[in-house]
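Work out the full structure, taking the sequences as your base and the hints as a guide.
Sequence order for the protein chains is A and B. My numbering numbers the first residue of the first sequence as 1 and each following residue consecutively. My numbering numbers the first residue of the second sequence as 456 and each following residue consecutively.
Just so you know, these hints were derived from the structure itself, not from any lab. All figures in this text were calculated on a predicted structure; none of them were measured in a lab. The reader is advised that the hints may include incorrect statements.
To be verified - Straight-line C-alpha distance at most 20 angstroms; calculated EDC-like pairs for lysine to aspartate or glutamate:
#, chain 1, residue 1, chain 2, residue 2
1, A, Lys-397, B, Asp-600
2, B, Lys-852, A, Glu-147
3, A, Lys-206, A, Glu-305
4, B, Lys-852, B, Asp-821
5, B, Lys-846, A, Glu-265
6, A, Lys-391, B, Asp-600
7, B, Lys-628, B, Glu-674
8, B, Lys-658, B, Asp-679
9, B, Lys-849, A, Glu-393
10, B, Lys-855, B, Asp-878
11, B, Lys-575, A, Asp-145
12, B, Lys-846, A, Asp-145
13, B, Lys-661, B, Glu-674
14, A, Lys-120, B, Asp-821
Unchecked claim - Label-pair restraints from in silico Cβ distances:
#, chain 1, residue 1, chain 2, residue 2, range
15, B, Ser-807, A, Ala-209, 54 to 60 angstroms
16, B, Asp-829, A, Leu-447, 27 to 33 angstroms
17, A, Gln-259, B, Ser-891, 38 to 44 angstroms
Glycine residues also receive a C-beta, built at the ideal position from the N, C-alpha and C atoms.
2 protein chains.
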Amino acid sequence: MARNASLSGFPEWLPQERLVELHVLDILRRTFELHGFSSIETRAVETVGQLLRKGEIDKEVYALSRLQEEESDTKRETTSDAKADAALALHFDLTVPFARYVVENAGYLAFPFRRYQIQKVWRGERPQDGRAREFTQADIDVVADGELPFRYDVELALVIVEALSALPIPAFKLRVNNRRLAEGFYRGIGLADTAGVLRSIDKLDKIGAEAVAELLKAELGATDSQARAALALASIRTEDTSFVDQVRALGVANELLEQGLGELEQVVSAAASRAPGSVVADLSIARGLDYYTGTVYETVLVGHENLGSICSGGRYESLATKGNRSFPGVGLSIGVTRLVSRIVGQQLAVASRSVPTAVLITLADDDSWPQAQDVASALRGRGIATEVAVKAEKFGKQIKYADRRGIPFVWFTAEDGSHQVKDIRSGNQTAADPASWAPPAEDLQPLIAVVPSTP
Amino acid sequence: MARNASLSGFPEWLPQERLVELHVLDILRRTFELHGFSSIETRAVETVGQLLRKGEIDKEVYALSRLQEEESDTKRETTSDAKADAALALHFDLTVPFARYVVENAGYLAFPFRRYQIQKVWRGERPQDGRAREFTQADIDVVADGELPFRYDVELALVIVEALSALPIPAFKLRVNNRRLAEGFYRGIGLADTAGVLRSIDKLDKIGAEAVAELLKAELGATDSQARAALALASIRTEDTSFVDQVRALGVANELLEQGLGELEQVVSAAASRAPGSVVADLSIARGLDYYTGTVYETVLVGHENLGSICSGGRYESLATKGNRSFPGVGLSIGVTRLVSRIVGQQLAVASRSVPTAVLITLADDDSWPQAQDVASALRGRGIATEVAVKAEKFGKQIKYADRRGIPFVWFTAEDGSHQVKDIRSGNQTAADPASWAPPAEDLQPLIAVVPSTP
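Here it is, written out as structure tokens:
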């Protein structure tokens, strides 16, 4: 069980838990780089104006002020205008800062620009399970200057599936839908307020089909058959491309619907052949954010659906604009803290030890510290994490130090210069040479092992 | 030349610059882990009360408020008390948060606790060269529960020298002094306000010896010979342990002085033999922070002294207390952003390319994308970062895409299934097998090369 954070909504990890998080971050970075994504980071703060451009999120934002300014009230009033201009706040996601970064640096970037970005974000929401006030997101996006071929929507699904598959987490389902498909369908059945329909459909999980049908009728003036058709579409879920026939069977004709069907078919077809079982066409997925225009993705951990989506995103026709240039993109964001909180909280995976150290070099006498450092240097030079005892306490005490820290091996150097190394778990002790000895591969570094679930 | 940040004091890097920063961070992490330091992160925020406990830094702190609360003024007044209780601010260093972390988690940590922590910190200071408002620090500390042997002061100097030596930076000097040595000396010559003397000595670089002598006389009532003695001590700088004799030659007898001399001798002696030329005993080093009690460290880049210290720290007898437990420690903090800003700004080192990608798989026709993905998977499986073209444009256009992004190799698959790979820099093209081909080691990943300085 994870301890409670001393400040609600701001989780912190113990060293052994942090190793799980580092492992997750390392896998993500490596996967993204193997697929040609460049790392960037943006500053933690944006101007308030930048953050509020999209509306709807103002209550979640943490604004910044210099403590001294806050305390001197008279000064405050005279400078309030200047302050408002430059008012800063912590970013609440990595998409808004990325959009600004792309516009500011467009002249220096090669498009389509592929970037990954792993950083903390902050939201002043009420903390709850799976929702923190400070949390790490790992985003990938491809952004073009002008036009971005649809194939990137397929590629990003495959990249994310590869990344998530490598993590120490339970099975997941990447649920994919397409806004064009849904909007075309709604128009095809005569419902013009497609955003309104999507908002209602988005409530399916929470309030159920019947209540959604009532909403559609009461708020959007849908007829009974229109509401039934919209719900029929939302009920379609397939792990292969058979959703296409299921949609066609509903008998709705619309050009945008056809385009969306074709796009979603490409994503699901590629995923079904390259990563069978991990992607599902789920025609109920709406995603709240208004700027998605085509593909939308979200992801649930099987058996942990209550956690909410651990990876979401989609296609946006215009991430940003600069003069008459427009930057369309497609991207996904992994909720790293949400994932790690669940892994750590339910011990879905654990680190084999809490310290990087594989070997402790003991001291026979206090003056042998420099020689012990030589041994340590030789081992470190070959990638073996090594500590040196600081005092020539009784060997039993030095071994106990290693044991307490979870260091698997202790090293002894005799007066004649010969060396021995002992596995303190088995008690096995053998002769060793600093220039060649290495621990077994599984002891070289802390390993993160998935704990088999007990049904 | 680095571009100007769009928000003064909040630097951001282009992808190619970010590779330099990542390289620096990777080296630090690897070195710290090889020496048995565990990674932790603390939340970005602390309570204002926690941050201000040490006094003197209030004007630099960024306080947080929820934007919505700030906008509703009436609500603000009624809740101001509650707000003050839980007032949050961004941390301005990693030491204060680490002290809190140690106290909160003391029951879960194995002492002496060795941790490294690499995170952003924020200070609302006026930005200037080498001083940002948001910057990354990389800290290492060893903290004990009760007593921490002095040898850790020696060890940490060696760890930091090893870490800095591995970075793509010019030569550096780790300047070491000892508070006990200085305080014992001042007391030995009859100056009781040792903190006052240290404060004056700290101004040596800025105002010169004569002005410091005047300060000592005017503010601390020092006699001419006391002032001269204090300055004589501060003028001692040696790369070996000869400083001991130079101090003794000043003829001052004091027990604390002797203890300090012995401690500093241990640090300099170990460094002189294990890392000759990188450490200097500099008896003028005072370090402003009051909590240092013994060893103090600071570091300058040779030829870049105007940058200020790029790595500082020291020994503190009590990092934190919990009931009647006290946690002494010794640690250093590397100014990563300060270093990287200088490297990037003066192009002291550059990345060999701006993308991780080593190979672009071209498409002969649009339908061959799945086969191209197979080739890419084979290469990625062996650690080769690979992108796949999304469209079967003319090969010239696909090669141009690779060239524009700095991808060194392009891959062609013929209709008969045979493969060729071309180095677009040399034009060399050879047959290749996805299961075995690899780029030369220097092209596998972007390399960070130090640019030789032109005198």
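How the hints compare with the structure:
1. A:Lys-397 to B:Asp-600: Judged against 20 angstroms, a Cα distance of about 17 angstroms means the pair holds.
2. B:Lys-852 to A:Glu-147: 16 angstroms, holds
3. A:Lys-206 to A:Glu-305: The hint holds at about 13 angstroms.
4. B:Lys-852 to B:Asp-821: Satisfied, since the Cα-Cα distance of roughly 14 angstroms is no more than 20 angstroms.
5. B:Lys-846 to A:Glu-265: 18 angstroms, holds
6. A:Lys-391 to B:Asp-600: Cα-Cα ~16 angstroms, so holds.
7. B:Lys-628 to B:Glu-674: 32 angstroms, violated
8. B:Lys-658 to B:Asp-679: Holds, because 18 angstroms separates the two Cα atoms, which is no more than 20 angstroms.
9. B:Lys-849 to A:Glu-393: 72 angstroms, violated
10. B:Lys-855 to B:Asp-878: 13 angstroms, holds
11. B:Lys-575 to A:Asp-145: 31 angstroms, violated
12. B:Lys-846 to A:Asp-145: This hinted pair holds, its Cα atoms lying about 16 angstroms apart.
13. B:Lys-661 to B:Glu-674: This hinted pair holds, its Cα atoms lying about 18 angstroms apart.
14. A:Lys-120 to B:Asp-821: Given pair Lys-120 of chain A, Asp-821 of chain B is violated - Cα atoms ~39 angstroms apart, limit 20 angstroms.
15. B:Ser-807 to A:Ala-209: 54 to 60 angstroms: Holds, at about 57 angstroms.
16. B:Asp-829 to A:Leu-447: 27 to 33 angstroms: 30 angstroms, holds
17. A:Gln-259 to B:Ser-891: 38 to 44 angstroms: Once the Cβ atoms are compared, 42 angstroms apart, the range 38 to 44 angstroms for Ser-891 of chain B and Gln-259 of chain A holds.
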